[in-house]
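Quick mapping for you: the protein sequence lines, in order, are chains A and B. Here the first sequence is numbered in numbering that gives the first Met the number 0, starting from 0 and rising by one per residue. Here the second sequence is numbered in numbering that gives the first Met the number 0, starting from 0 and rising by one per residue.
Just so you know, not all the hints are guaranteed correct.
[To be verified] Each pair of labels, with its calculated beta carbon distance range:
hint, chain 1, residue 1, chain 2, residue 2, range
1, B, 230, A, 7, 47 to 53 Å
2, A, 7, B, 154, 56 to 62 Å
3, A, 39, B, 207, 44 to 50 Å
4, B, 84, A, 7, 27 to 33 Å
5, A, 110, B, 151, 41 to 47 Å
6, A, 8, B, 167, 31 to 37 Å
For the record, the hints were derived by calculation from the structure and aren't laboratory data. Glycine residues also receive a C-beta, built at the ideal position from the N, C-alpha and C atoms.
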Amino acid sequence: MKICVTATANSLDAQIDPRFGRCSYLIIVDSETMQFEAIPNMAAGATGGAGIQAAQTIAKKDVKLLITGNVGPNAFGALSAAGIEIVTGAFGTVREAVEKFNRGEFAKTGSPTVDSHFGMGGKGGGRGAWRR
Amino acid sequence: MIVAVASGKGGTGKTSVAVNMALSVGNDQLLDCDVEEPNAHLLLNPKMHSTEQVYVLVPHINEELCSHCGECAKFCQYNALFVSPDKNLFFPELCHSCGGCTLACPRQAITEEKRRIGALKFGTVGDLKLVYGELDVGEIMSVPLIRAVKNQIQDNTNVIIDAPVGTSCPVIETVRQSDFCLLVTEPTPFGLHDLKITVEVLRKMSIPFGVVVNRAGIGDDKVYQYCKEEKIPILMEIPYQRRIAELYSKGIPFSLEMPEWKEKFQALYSEIKRLVEE
Numbered sequence: 000m001k002i003c004v005t006a007t008a009n010s011l012d013a014q015i016d017p018r019f020g021r022c023s024y025l026i027i028v029d030s031e032t033m034q035f036e037a038i039p040n041m042a043a044g045a046t047g048g049a050g051i052q053a054a055q056t057i058a059k060k061d062v063k064l065l066i067t068g069n070v071g072p073n074a075f076g077a078l079s080a081a082g083i084e085i086v087t088g089a090f091g092t093v094r095e096a097v098e099k100f101n102r103g104e105f106a107k108t109g110s111p112t113v114d115s116h117f118g119m120g121g122k123g124g125g126r127g128a129w130r131r
Numbered sequence: 000m001i002v003a004v005a006s007g008k009g010g011t012g013k014t015s016v017a018v019n020m021a022l023s024v025g026n027d028q029l030l031d032c033d034v035e036e037p038n039a040h041l042l043l044n045p046k047m048h049s050t051e052q053v054y055v056l057v058p059h060i061n062e063e064l065c066s067h068c069g070e071c072a073k074f075c076q077y078n079a080l081f082v083s084p085d086k087n088l089f090f091p092e093l094c095h096s097c098g099g100c101t102l103a104c105p106r107q108a109i110t111e112e113k114r115r116i117g118a119l120k121f122g123t124v125g126d127l128k129l130v131y132g133e134l135d136v137g138e139i140m141s142v143p144l145i146r147a148v149k150n151q152i153q154d155n156t157n158v159i160i161d162a163p164v165g166t167s168c169p170v171i172e173t174v175r176q177s178d179f180c181l182l183v184t185e186p187t188p189f190g191l192h193d194l195k196i197t198v199e200v201l202r203k204m205s206i207p208f209g210v211v212v213n214r215a216g217i218g219d220d221k222v223y224q225y226c227k228e229e230k231i232p233i234l235m236e237i238p239y240q241r242r243i244a245e246l247y248s249k250g251i252p253f254s255l256e257m258p259e260w261k262e263k264f265q266a267l268y269s270e271i272k273r274l275v276e277e
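Just chain B, with the same shape it has in the complex (with noise of 0.2 Å):
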């Protein structure tokens, strides 16, 4: 089974449910899609094991072929490529690595080389495998090497998938083929906001979600009430609470200095197959 946990808001508690999660129930995977800024590992201390580069595909042109008929930069919607009757220019933080210039090229002058975005990120923490992508500074798409961390998940295990923050294509990417979301939220204005978008995206997507409540307490009843009228199951309550705040700010899971977590995650976990199983 795979969970992914998203929010539309940054900061209710994604990466903290996700790895709480992992922690609680065994055999399973934890893979940080968050490529922008990877965190899940901040808090797992994970040991560390080997780091795989990820390259996209993007144009090179010969010079000695290229004619300047310019049809490759007609063909490219994303505006990379800039012909003049003497000077090509190439733009690769626009590239979408589609390969489509190569085949619009009527001379062949056209081949695809790599050009590294970032890194994906192996490590264990006892039986929990880590996978994380950090995308290289100044990268901008970090679709392909999400792809790539995903491309990791290995059959028979309970695959628990941190997302990043939102609802554009780095999210969609995600969420995409997992057998269930959990929504994280916090009860306020801007939470079920954010909560509501990502509800539309979900419905459009077909994937079967439920939300967590974070920092219960705070806030008003809104979000409540809106799961209510859209009859959507909220899943669990971590209440705003001094204890959990600390171990956070220490670096510290809380489910592994408060065992009743560890419960509370397990009963999560299951209540979510019997979900996906129904």
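So here's chain A without its partners, still in its complex pose (with noise of 0.2 Å):
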């Protein structure tokens, strides 16, 4: 099964990237051979709707599991609606992620997990934030 962990390098040793739109890479895993392909995420510095470009990559590898940190409420639409399953929380290297998930070790999401724009770093929201 292809699965998608979000990563920080484009290794099966590298760290998780909690985040899933803004994620450096976007590591696509075979969960039996453990062949692999690291996808530069070009939504990391969208404008907006970053989480929709991103599982627009990962719908288009056909890509049935997401494992990541977290996941806004338009990526979580967006993965749903191409019928992708989300585990989120993860963290430690993409091939632990990749052999938890092979001993059935994760639950899997039903819900976002983050608010619009929680990868975009520290800025506070708010009238400020947005109007600035």
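Need the complex rebuilt from these two chains, each delivered in its own frame; the hints are there to steer you.
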């Protein structure tokens, strides 16, 4: 099965990036053979809709499951529309995450885990952040 | 002549200056472009005449014609469209209404439909005409509504525009094509910090500008020093005065109760005119 794990670098030993839309790499792993493809996440610098764009990227790659830290509401909607199942709250390396999945140790997520713009950095929300 | 009243920092007195100037100068039109929280009408108590809905165009996908090729989503720089093999999603709040997806679609499956984002409100106070925009709750894109407010600008009229706060897209859209921009600030470090950012923006846009110092007397003299160094004219000082604050708290434009200010605002407007014609 094709699994996408969000990562901070482009190898199986990279740490999981806790953000989905703005992660550094989308690593697509075949859970049986451990063969993988590391895709630089073009959405990381998007002004808006990063989660939607990242979801589009992995949907095209026929991914069935996403393992990451958090997923926002728009990304959740897009991933669900593409029939991609989601595991959130993951940490450690990409390899560890896939092995953990193979041992059946993950529970799937049924709703978004963070609000919009969560992965955009610690800028505080509210009026100021949008209007300046 | 079109004069925009702006400021980097919020709460410096843009609306007070815009409203008092509009009430002091005849044959004029006041446009409140702070469509996220318009408030000029609260100080003016206008007689409201009419309302006009404002729409933007957004894509509508005809599922029968769609082959889920994904060209529309690939084209959209704002990621407002998501296409999977059997389902399309549209995120209206991300759409900038560029219409590009309708052109990118190889099967002509996308048409545009109207989506309401807010309304224009029209009123009068004596011979002063007021137009303001009110963005619907939950909408994040104010620029199309600001454009709709500005489309109401009448020729051969003294047009005064109350701008939104900050220096982002809504402000750029508001001050664009103005003959002059009045920057209202307060003499505090925060006021100065945001004034500097706004000055940079206006210089880039080649719009002439001058400063109004509100709450003069508080803070320090750094705003004055900065204006001197940068050769920016300070066109008016409004003192930090209890009487002015009291009138404001009752929603009364202070030039109505303090006639000497009506003259000062008329003089301010004449000075702006002189600077523009120079």
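Kindly indicate which numbered hints from before are broken by the structure, ordering the numbers from low to high.
Per hint list: zero violations.
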